[in-house]
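Make the full structure from the sequences, and use the hints.
Those letters in the sequence shown? Residues 1 to 120, by UniProt numbering.
Keep in mind that the hints were calculated from the coordinates and are not lab data. Any given hint could turn out to be false.
Claimed, not checked - Distance windows between CB atoms, simulated:
hint: 1; residue 1: PRO105; residue 2: THR44; range: 27 to 35 Å
hint: 2; residue 1: MET16; residue 2: GLU109; range: 16 to 24 Å
hint: 3; residue 1: LYS24; residue 2: GLU92; range: 27 to 35 Å
hint: 4; residue 1: GLN87; residue 2: LYS47; range: 29 to 37 Å
hint: 5; residue 1: ALA88; residue 2: GLU45; range: 29 to 37 Å
hint: 6; residue 1: LYS116; residue 2: ASN75; range: 15 to 23 Å
hint: 7; residue 1: GLN87; residue 2: GLY26; range: 13 to 21 Å
hint: 8; residue 1: ALA108; residue 2: ALA71; range: 26 to 34 Å
hint: 9; residue 1: GLU59; residue 2: GLY120; range: 25 to 33 Å
hint: 10; residue 1: GLN87; residue 2: THR46; range: 13 to 21 Å
Beta carbons: idealized from backbone N, C-alpha and C, even for Gly.
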Amino acid sequence: MGKNILICDDAAFMRMMIKDILTKNGYNVVGEAENGVKAIELYTETKPDLVLMDITMPEMDGIGALKGIRAKDPNAQVIMCSAMGQQAMVIEAIQSGAKDFIVKPFQAERVLEAVKKVIG
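The structure is reproduced here in C-alpha cells:
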C-alpha cells in the first residue's frame with residue numbers, strides 16, 4: 001500500500017506537479033491545501049504519513065502551519081519547499097521540526113529522494 005501524502009502550496013500548478021510526481025511513484029495524495037490554515041485542517045482530517053509544505057503561502061505561512069500541525073501531532077513528518085534565497089526560513093523550519101526541505105524549482109528526483117528519506 002502506498003504512503004499517504006498531503007500537499008500544501010498556494011500555487012495550483014505546483015500542487016499539480018508534485019501530485020503528478022508522487023502518484024506516478026506509488027504514493028497517495030490524500031489532500032491539497034492552498035494555505036496554512038487549510039493545511040492544519042486537512043492534516044487533522046486525513047492523518048497523512050507526510051506533508052509537503054510550501055513556506056510562502058497566504059493566510060498562514062508554512063512555518064506557522066508546521067508549528068500548528070506539530071502541536072497537534074508531535075510525530076508529524078513534514079518536508080518544507082522553498083524558493084531560492086529563503087535560507088533563514090529554511091533554518092527556522094528545520095528548528096520547528098521539518099524533516100527536510102526541497103528548493104524550488106525542483107527536480108522530480110529530489111522530491112522523491114526527500115520523501116523516501118523521510119517515510120520510505
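Hint by hint, work out which the structure violates, then give me just those numbers in ascending order.
Violated: hints 7, 10.
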